[in-house]
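Q: Below, each chain spelled out in residue letters.
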Amino acid sequence: MAEIRFWEAIRRAHDEEMANDPLVIAMGEDIGVAGGTYKATQGLYDKYGPERIIDTPISENGYTGLGIGASFLGVRPIIEIMSVNFAWLALDQIANSAVKVRYMSGGQLTAPVVIRSPGGTAHQLGAQHSARMEKVFMGIAGLRVVTPSNPRQAYGMLKSAVRCNDPVFIYEHELMYNMKGEVPDAEFFHPLVGSEVAREGKDVTLFGYNISVHWCLEAAKLLADKHGINCEVVDLYCLSPLDRAGIKKSVSKTHRAVIVEEAEPAVGVGAEVMAIINEECFFELDAAPKRVSAVNIPIPYNHALEKATIPHAKDVVKAVRAMMGK
Amino acid sequence: MNNTDKKRLLRDMLFSRRFEEHCYVGYVERKIGGFLHLYPGQEACAHGVMAAAKPGFDYVITGYRDHVHAMLSGADPKAVMAELYGKETGTCKGRGGSMHIFDVEHRFMGGYALVGGPFPLAAGMAKAIKLKGGEEIAICFLGDAANNQGSFHEALNMASVWKLPVLYVCENNLYGIGTRIDRSTAVLDQYKRVAGYNIPSEQVDGQDIEIVYKAAQKAVDHVRSGKGPYFLELMTYRYRGHSMSDSNTYRSKDEEKEWIERDPINILRERLIKAKVLTMAEFKAMDKEILDEIDNQIVPFAEQSPEPDVAELEKYLFAENDPWVTGGAQGGAS
Ligand SMILES: Cc1ncc(C[n+]2csc(CCOP(=O)(O)OP(=O)(O)O)c2C)c(N)n1
Ligand SMILES: [Mg+2]
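Order-wise, the sequence lines are chains G and B.
Quick note: the first sequence uses the numbering used here, first residue 1, plus one each step.
Quick note: the second sequence uses the numbering used here, first residue 327, plus one each step.
The set of hints was computed from the structure by calculation and includes no laboratory data.
Note that the structure is predicted; figures quoted are calculated from it, not measured.
Among the hints, a few may not be true.
Chain B regions said to be covered by chain G (calculated; three or more residues, Cβ under 8 angstroms) [claimed, not checked]:
1. 441-451
2. 454-460
3. 522-532
4. 564-573
5. 619-633
6. 645-654
Here are the simulated lysine to aspartate or glutamate pairs, EDC-like style, with alpha carbons at most 16 angstroms apart [claimed, not checked]:
7. B:Lys458 <-> G:Glu174
8. G:Lys226 <-> G:Asp315
9. B:Lys404 <-> B:Glu596
10. B:Lys332 <-> B:Glu582
11. G:Lys39 <-> G:Glu218
12. B:Lys489 <-> G:Glu174
13. G:Lys248 <-> G:Glu280
14. B:Lys413 <-> B:Glu633
15. G:Lys249 <-> G:Glu279
16. B:Lys458 <-> G:Glu182
17. B:Lys456 <-> G:Glu218
18. B:Lys332 <-> B:Glu633
19. B:Lys489 <-> G:Asp55
20. G:Lys318 <-> G:Glu174
21. B:Lys413 <-> B:Asp635
A virtual CB, placed ideally from N, CA and C, is assigned to each residue, including glycine.
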């Protein structure tokens with residue numbers, strides 16, 4: 001078991017899948033000769049050549065559609081959209097073509113594409129480079145949406161996504177590419193459904209995904225150390241379909257829930273998890289669930305303003321203490 | 327093309343005309359729902375191009391005016407009609423409808439309702455063909471107004487940069503719904519617009535199938551020989567409104583008359599009669615045979631077919647029992 005960085009895990013998954021199947025290709029802006037904005041394809045251009053590691057023009061909807069069309073004929077494209085902010089431009093092909101062809105053809109055609117893209121708020125990138133678009137993708141029927149919180153997941157999910165016969169969107173985080181974590185040396189495939197208990201606890205469940213799993217873990221440690229509150233942390237690595245059984249199981253154990261999301265609250269992960277709790281285990285609750293979300297504004301440039309927009313571990317601590325009356 | 331071929335083309339065009347005319351009736355009788363876009367007037371375009379291509383081998387994709395293109399690829403007219411009737415025996419089991427006919431077995435890769443959507447999909451199919459080293463080409467049929475979408479420019483640029491085996495056929499019927507081309511488009515000759523992407527192109531009369539066929543042969547040869555994409559513009563006209571919900575009040579009767587005088591079926595029929603290859607009586611017999619097939623086989627099949635089962639409403643959203651969703655055929659997560 002080696003400790004590697006997040007980007008190295010993604011790069012390894014690309015390399016293994018491309019070596020395994022000549023119809024696996026990667027495409028995106030600056031992924032080839034330049035090696036990728038976050039190095040996810042570093043060195044692969046030299047290894048696999050320009051027909052399989054494709055530097056695209058800046059045409060998000062165009063190259064996403066092109067990848068989808070190639071997938072109709074059995075090619076397995078891994079499409080990198082440099083930033084989710086640019087994925088708005090590709091939504092037409094994702095939402096109108098990729099996810100609908102299977103259904104509207106009565107099962108004749110499928111679009112087994114993988115689209116990876118980093119989102120989230122990094123360091124003072126301003127409003128147009130700080131979007132959190134998970135809620136948009138989660139709302140698209142026929143699209144599988146996963147979001148890794150560590151290098152192990154990043155590696156294993158990309159591997160499964162390449163082989164899966166449905167379109168898969170992998171939501172990564174701008175700030176996490178240099179994070180280190182253990183990834184098994186032996187090849188493995190991570191599920192594209194379900195959730196994972198990242199920390200066992202009994203008093204309250206903190207639901208996080210992607211970067212907010214780390215805020216939850218940090219908050220859980222503080223709450224245990226300083227306030228005697230024992231939190232369970234559930235990593236919702238699959239955002240669509242959400243793991244109803246996993247949500248129910250944890251809330252039935254702790255009877256309390258706080259959902260932590262980097263995005264604005266409206267129509268988001270928190271709202272959806274709360275609805276599932278209502279539907280699955282309302283009578284298990286000892287307190288009304290809470291969500292910790294971003295302020296509903298475009299992300300400001302100023303450092304202090306930016307920081308005040310996005311939740312942090314201390315906000316999670318505050319919410320839990322209020323809920324527990326401690 | 328010998329005389330037998332020409333007679334067959336004439337019959338096929340007449341079949342498409344009659345098929346579409348029946349769709350009109352089915353729509354008025356409320357047996358066909360939704361948006362319905364009919365093809366009369368434009369037959370020489372798809373028939374001429376597909377005669378020069380390899381139907382069932384080449385990959386074809388188009389917009390919502392797709393019934394004829396699907397049948398020319400090899401789709402069974404009965405299954406197409408059943409799809410319009412929303413039946414389980416339809417090409418897409420009643421899940422697609424008029425604008426979304428698919429017949430993947432015959433490489434008809436779909437009708438798409440978003441104007442311009444198929445441009446990049448066609449380039450992608452061509453990329454796949456190239457990667458796999460096949461002899462097929464991808465053919466994308468769309469209208470004139472679609473060329474004002476960003477996807478046109480994005481896809482044609484990529485197709486050219488990567489020399490992809492894709493033929494773009496522009497059926498220029500002068501209108502995008504009710505907006506005449508000169509009111510929406512700075513350059514009227516569409517074939518000129520692709521010069522900016524260094525793609526060879528040609529504009530020809532889309533009402534004379536022999537002219538279309540010749541131009542398409544050249545286009546198909548170019549693409550199949552590995553020289554990259556090609557853009558073929560066919561000047562044509564649709565007789566009916568854009569869809570069944572179109573009042574068609576934006577065009578003059580004179581203009582319509584002018585085009586109807588150049589009807590693609592009449593042009594070929596008159597030429598064959600003049601050359602003594604065909605008699606009017608033979609033509610009428612042909613027509614009767616076609617109407618008989620539509621009325622007594624195709625339509626009854628659609629009418630008598632079962633509706634889809636509502637219990638299967640969610641089927642076809644995702645691949646069934648895909649092992650990779652749950653962690654792989656090789657044992658799952660570590
Ligand atoms: C993205 C998008 N915008 C608008 C429409 C509505 N619409 C449907 S067809 C059409 C006109 C297209 O004209 P053209 O491309 O010339 O094709 P034609 O119908 O003439 O064959 C429009 C505006 C649509 N379906 N999709
Ligand atoms: Mg038009």
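Q: Run every hint past the structure and note whether it holds.
A: Taking the hints in turn, this is what the structure says about them:
By the rule of at least three residues with a Cβ nearer than 8 angstroms to a Cβ of chain G, the coverage given for the region 441-451 of chain B holds, with 8 such residues. Check on the region 454-460 of chain B: 5 of its residues sit with their Cβ under 8 angstroms from a Cβ of chain G, so the three-residue criterion for coverage holds. Given as covered by chain G, the region 522-532 of chain B fails the check, having 0 residues with a CB less than 8 angstroms from a CB of that chain where 3 are the minimum. Three residues within the 8 angstroms Cβ limit are the bar, and the region 564-573 of chain B against chain G gives 0, so the coverage statement is violated.
Coverage of the region 619-633 of chain B by chain G is violated. Counting CB-CB distances below 8 angstroms, 0 residues qualify, and the rule asks for three or more. Figure legend: the region 645-654 of chain B, annotated as covered by chain G; annotation consistent (7 residues with Cβ-Cβ distances under 8 angstroms, at least 3 required). Taken as a hint, the Lys458 of chain B and Glu174 of chain G pair is broken in the structure, with Cα atoms around 35 angstroms apart against an allowance of 16 angstroms. Between Lys226 of chain G and Asp315 of chain G the alpha-carbon distance is near 15 angstroms, which keeps this suggested pair within the 16 angstroms criterion.
The suggested pairing of Lys404 of chain B with Glu596 of chain B is violated, with an alpha-carbon distance near 30 angstroms, which exceeds 16 angstroms. Of the pairs offered as hints, the one joining Lys332 of chain B and Glu582 of chain B is violated, with about 26 angstroms between alpha carbons and a cut-off of 16 angstroms exceeded. Only pairs whose Cα atoms come within 16 angstroms are accepted, and Lys39 of chain G paired with Glu218 of chain G is rejected, the gap being roughly 28 angstroms. For the proposed pair Lys489 of chain B and Glu174 of chain G, the alpha carbon gap of about 34 angstroms is over 16 angstroms, so the pair is violated.
With a C-alpha separation of about 6 angstroms, the suggested pairing of Lys248 of chain G with Glu280 of chain G holds against the 16 angstroms cut-off. For the suggested pair Lys413 of chain B and Glu633 of chain B, the alpha carbons sit about 5 angstroms apart, so the restraint of at most 16 angstroms is met. Of the pairs offered as hints, the one joining Lys249 of chain G and Glu279 of chain G holds, with about 13 angstroms between alpha carbons and a cut-off of 16 angstroms not exceeded. Proximity of Lys458 of chain B to Glu182 of chain G is assessed by CA-CA distance (about 37 angstroms); at most 16 angstroms being required, the pair is judged violated.
With a C-alpha separation of about 50 angstroms, the suggested pairing of Lys456 of chain B with Glu218 of chain G is violated against the 16 angstroms cut-off. Between Lys332 of chain B and Glu633 of chain B the CA atoms are separated by roughly 39 angstroms; this puts the pair beyond 16 angstroms, and the hint is violated. In summary, the hint linking Lys489 of chain B to Asp55 of chain G is supported, as the alpha carbons are separated by about 14 angstroms, within the 16 angstroms threshold. About 26 angstroms separates the Cα atoms of Lys318 of chain G and Glu174 of chain G, which puts this hinted pair outside 16 angstroms; it is violated.
A distance of roughly 10 angstroms separates the Cα atoms of Lys413 of chain B and Asp635 of chain B; the hinted pair therefore holds under the 16 angstroms criterion.
Taken one by one, the earlier hints fail for this structure at numbers 3, 4, 5, 7, 9, 10, 11, 12, 16, 17, 18 and 20, listed in ascending order.
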